[in-house]
Amino acid sequence: MLHFENKIEDSRTTPITPGEYEVILNTEWKETKQTKQKYINCAFTIRKDVKQEFGGRMVFDGIYKSKQTGDFQQSKINGLLYAIPNPRLDFETYDELIQYLNDTPMIISVELEPADPNVEGSKDRNVVKYLSYKPTVAGKESGSAYLDRTAEKVDPDDLPF
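Just so it is clear: in the sequence shown, position 57 is 56 by numbering that gives the first Met the number 0, and no numbers are missing.
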C-alpha cells in the first residue's frame, strides 16, 4: 500500500536553523513590488567549502533608502565593509560599491522571524540579524578560497618604485 501526505515540503525554502554561517555575499539592484523603489539586494549564499549545515542555501537582506535622508542605509553599508579586511571606503557610485561587494566572504547571524498571524499564508522566514556581519574565519588553512581585498586593482603609477 502506498501512502502520501498531500503536502509539499521543499528543503530549499524551509527556514534554516538560527545561528552564525560562513557565506559569500552577492549584491544587485532590485525594485520593491509595491512602490517600485530601487534597493540593494544582498544575497548571502551559505558556503559549501566550509564545514557547516545548509551549504548552498541562501538568505536575503535589503539595503533601502532612509525616509529621513533619502540615502541608502549607511549603517548597513558600513557593517558590510567592516566584514572585509582592509576595505576600500571610497566609491564614485553605488554601482561601483555593489560591484566591489560581490563575491565577498563573511560571517552573518541568521534569526528566525515567526509568521505574521494577521497575514493569511504568512510563513516563518529567516532574516539576517541587523549589523551581524563579521570577517570570515575560513581561510587558506581550511582549503577554502579566501578573498584578499587588499590585492585589488593596484595602479602601477601609485607604486613608490
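If you are wondering where the hints come from, they were derived from the structure by calculation, not from laboratory data. You may find that some hints are simply not true.
Below, a list of computed lysine to any residue pairs in the SDA-like style, where the Cα atoms sit at most 25 Å apart [said to hold, decoys possible]:
| no. | residue 1 | residue 2 |
| --- | --- | --- |
| 1 | Lys-32 | Gln-72 |
| 2 | Lys-47 | Phe-90 |
| 3 | Lys-32 | Lys-47 |
| 4 | Lys-29 | Asp-48 |
| 5 | Lys-66 | Gly-120 |
| 6 | Lys-35 | Pro-134 |
| 7 | Lys-122 | Thr-92 |
| 8 | Lys-47 | Asp-70 |
| 9 | Lys-47 | Tyr-63 |
| 10 | Lys-122 | Thr-16 |
| 11 | Lys-29 | Arg-56 |
| 12 | Lys-75 | Met-0 |
| 13 | Lys-29 | Gly-55 |
| 14 | Lys-37 | Ile-23 |
| 15 | Lys-122 | Ala-42 |
| 16 | Lys-64 | Thr-31 |
| 17 | Lys-133 | Tyr-63 |
| 18 | Lys-37 | Leu-1 |
| 19 | Lys-35 | Lys-133 |
| 20 | Lys-29 | Gly-69 |
| 21 | Lys-29 | Leu-1 |
| 22 | Lys-64 | Val-136 |
| 23 | Lys-29 | Val-136 |
| 24 | Lys-122 | Asp-48 |
| 25 | Lys-64 | Thr-16 |
| 26 | Lys-133 | Thr-34 |
| 27 | Lys-66 | Thr-16 |
| 28 | Lys-128 | Glu-91 |
- Query: Can you list which hints this structure breaks, lowest number first?
  - Reply: 2, 3, 4, 5, 6, 7, 8, 9, 12, 18, 19, 21, 22, 23, 24, 25, 26, 27 and 28
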